[in-house]
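Go by the hints and put chain F onto chain Z.
If you're matching them up, the sequences are chains Z and F in order. Here my numbering is used: the first residue of the first sequence is 1, the next is one more, and so on. Here my numbering is used: the first residue of the second sequence is 87, the next is one more, and so on.
Warning: the hint list may mix true and false statements.
[Unchecked claim] In silico SDA-like links for lysine to any residue, alpha-carbon gap of 20 Å or less:
#, chain 1, residue 1, chain 2, residue 2
1, Z, Lys32, Z, Glu16
2, F, Lys234, F, Arg156
3, F, Lys161, F, Val149
4, F, Lys161, F, Pro190
5, F, Lys161, F, Gly116
6, Z, Lys32, Z, Ala8
7, F, Lys161, F, Glu125
8, F, Lys234, F, Gln124
9, Z, Lys32, Z, Arg48
10, F, Lys234, F, Gly143
11, F, Lys234, F, Arg214
12, F, Lys234, Z, Leu22
13, F, Lys234, Z, Asp23
14, Z, Lys32, Z, Glu43
15, F, Lys161, F, Gln124
16, Z, Lys32, Z, Arg3
17, F, Lys234, Z, His24
18, F, Lys234, F, Ala217
19, F, Lys234, F, Lys161
20, Z, Lys32, Z, Gly42
21, F, Lys234, Z, Glu16
22, F, Lys234, Z, Arg3
23, F, Lys234, Z, Gly55
24, F, Lys234, Z, Lys32
25, F, Lys234, Z, His27
26, F, Lys234, Z, Gly42
27, F, Lys161, F, His209
28, Z, Lys32, Z, Leu22
29, F, Lys234, Z, Asp19
30, F, Lys161, F, Ala241
Derived from the structure by calculation, the hints contain no laboratory data.
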Amino acid sequence: MDRVISCAEAVDRLWEFLDHGLDHHDHRAVEKHLAFCVRCCGELEFARQLRCLLGTQTAALPADVEVRLAQFIERLTDSAATEGTA
Amino acid sequence: MLQARDAAAFQQLAREELAGMYALARRLAGQDAEDLVQEALLRACRSFASLRDRQAGGQWLRVILTNVWRDRLRKVAREPAEVSVDDVECFSLYRTLVEEDPFPYSDSLHLDFLGGFSEDDVHAVLGRLPARYRAPLVLRYVEGFPTKQIARTLALPLGTVLSQLHRGRKLFERALWDYAVESGALVGPGSPQEDAPWIG
Numbered sequence: 001m002d003r004v005i006s007c008a009e010a011v012d013r014l015w016e017f018l019d020h021g022l023d024h025h026d027h028r029a030v031e032k033h034l035a036f037c038v039r040c041c042g043e044l045e046f047a048r049q050l051r052c053l054l055g056t057q058t059a060a061l062p063a064d065v066e067v068r069l070a071q072f073i074e075r076l077t078d079s080a081a082t083e084g085t086a
Numbered sequence: 087m088l089q090a091r092d093a094a095a096f097q098q099l100a101r102e103e104l105a106g107m108y109a110l111a112r113r114l115a116g117q118d119a120e121d122l123v124q125e126a127l128l129r130a131c132r133s134f135a136s137l138r139d140r141q142a143g144g145q146w147l148r149v150i151l152t153n154v155w156r157d158r159l160r161k162v163a164r165e166p167a168e169v170s171v172d173d174v175e176c177f178s179l180y181r182t183l184v185e186e187d188p189f190p191y192s193d194s195l196h197l198d199f200l201g202g203f204s205e206d207d208v209h210a211v212l213g214r215l216p217a218r219y220r221a222p223l224v225l226r227y228v229e230g231f232p233t234k235q236i237a238r239t240l241a242l243p244l245g246t247v248l249s250q251l252h253r254g255r256k257l258f259e260r261a262l263w264d265y266a267v268e269s270g271a272l273v274g275p276g277s278p279q280e281d282a283p284w285i286g
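So here's chain F without its partners, still in its complex pose:
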């Protein structure tokens, strides 16, 4: 399957990219991340000889991982329903913060709001998004894939990816707000908890 020299090169590449692969898998698949990485490594090992540009090995592995995740998603039952995004189309987190004013004494309301989210919080918020919207967001803004490459990787028309990115951003904003509200962290004016840390 692999010559000894290729096997050593694959092992080195896989070890170097392990943390990045796991982080992407965690964003895409949550608790199944480790399993997803294993399957991606298995698939990558089988086709390692076809990798011409070894310098692009990291991105090659990430594309394979995304493909494995996409294939898995197709096998399992469809997502519960086509999520209605009509109600989030008009949602603006920026305006909501101005209107609700959760930090009345803050001079930097919007930055204070975002500053309350840890990486785990962002992970949890992303996990609330339907996979079809989460994946393009992760590939674009975490992995830095160009939109055309996202379309190729997810085997979707470019227009669909652009639309999913647009809706995904809206859903992300809405989910951030809902997460903050549900965590009981947004403190209204005059509240005794006004000075309390609001997330975490």
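Chain Z on its own, in the form it takes in the complex:
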């Protein structure tokens, strides 16, 4: 039989729930809690949005940094190839 958990317990595990990081029994307990608790469903949606915000990344590489790093890669591989053939 599934364990009944409080709102505090459910909220504390929402990120792990979204990450599929809970064991089967805990996952099921959170799932059952969410089935009847509207407030915790709001918290679940908020946790989902927070995860998206945290993961926001456009990976923009400033042009000047890109040029310098590209030059660095070129020097690095030239040097490594020279050593490799020596």
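Relative to the frame of chain Z, chain F by itself:
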């Protein structure tokens, strides 16, 4: 050190992954990002011959970059103090928003709050977190590393990583709230600035 063919392959891989590496380095090390990428590329070049699965080269580079960052962190002085997370354990951003109600006329209070944060704001908020909590958050939620791999990469027990993730999430919520308050962006009911944009 590298055969000409390997050197060309490494150069191609490094160029393709440069933006992603820099983004991760920026999240982990802030202003030292470029330097961190260079050191990671240097280390990666030395061991490129050992990379068996070239398709996994992107993740391989990210793991090396994280290792370099971790090694650097160990060399520098310890962080100022073990940050007390007791006071954030009970903090809930969701409930705080309900209680403080910064947007009284909003039908979507929580989404409006999060929608005010630009990528630079999130970067700044993450930068406020101690490195030991920031790194697992970045690796898990930005890079998508499984927790076991984070543990291997950071050379920490899995339980420690899970604990740091839990505390890191709490600290992130708290830091988001503090950042919004400090920016003067949260507007109370009846304020003349009520309709003003609140961040940025």
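Consistency of the hints with the structure:
1. Z:Lys32 / Z:Glu16: 15 Å, holds
2. F:Lys234 / F:Arg156: Roughly 16 Å between the alpha carbons, so the hint for lysine 234 of chain F and arginine 156 of chain F holds.
3. F:Lys161 / F:Val149: 19 Å, holds
4. F:Lys161 / F:Pro190: Measuring from Cα to Cα gives roughly 49 Å; hence the hint is violated.
5. F:Lys161 / F:Gly116: 17 Å, holds
6. Z:Lys32 / Z:Ala8: 14 Å, holds
7. F:Lys161 / F:Glu125: 15 Å, holds
8. F:Lys234 / F:Gln124: 27 Å, violated
9. Z:Lys32 / Z:Arg48: With a Cα-Cα distance of about 18 Å, the restraint between lysine 32 of chain Z and arginine 48 of chain Z holds, given a limit of 20 Å.
10. F:Lys234 / F:Gly143: 19 Å, holds
11. F:Lys234 / F:Arg214: Roughly 25 Å separates the two Cα atoms, so the pair is violated.
12. F:Lys234 / Z:Leu22: Holds: lysine 234 of chain F and leucine 22 of chain Z sit about 14 Å apart, inside 20 Å.
13. F:Lys234 / Z:Asp23: 15 Å, holds
14. Z:Lys32 / Z:Glu43: 15 Å, holds
15. F:Lys161 / F:Gln124: OK: lysine 161 of chain F and glutamine 124 of chain F at ~18 Å, within 20 Å.
16. Z:Lys32 / Z:Arg3: 9 Å, holds
17. F:Lys234 / Z:His24: OK: lysine 234 of chain F and histidine 24 of chain Z at ~18 Å, within 20 Å.
18. F:Lys234 / F:Ala217: Roughly 19 Å between the alpha carbons, so the hint for lysine 234 of chain F and alanine 217 of chain F holds.
19. F:Lys234 / F:Lys161: It is violated: about 24 Å lies between the C-alpha atoms, which goes past 20 Å.
20. Z:Lys32 / Z:Gly42: Holds. Lysine 32 of chain Z to glycine 42 of chain Z sits at ~15 Å (cutoff 20 Å).
21. F:Lys234 / Z:Glu16: 14 Å, holds
22. F:Lys234 / Z:Arg3: 27 Å, violated
23. F:Lys234 / Z:Gly55: It holds: about 19 Å lies between the C-alpha atoms, which stays within 20 Å.
24. F:Lys234 / Z:Lys32: Cα-Cα ~27 Å, so violated.
25. F:Lys234 / Z:His27: Roughly 19 Å separates the two Cα atoms, so the pair holds.
26. F:Lys234 / Z:Gly42: Violated - the C-alpha atoms of glycine 42 of chain Z and lysine 234 of chain F are around 29 Å apart, more than 20 Å.
27. F:Lys161 / F:His209: 24 Å, violated
28. Z:Lys32 / Z:Leu22: 14 Å, holds
29. F:Lys234 / Z:Asp19: With Cα atoms ~13 Å apart, lysine 234 of chain F and aspartate 19 of chain Z stay inside 20 Å; holds.
30. F:Lys161 / F:Ala241: Distance ~15 Å between lysine 161 of chain F and alanine 241 of chain F Cα, so the pair holds.
Violated hints, listed in ascending order, are 4, 8, 11, 19, 22, 24, 26, 27; each of the other numbered hints is respected by the structure.
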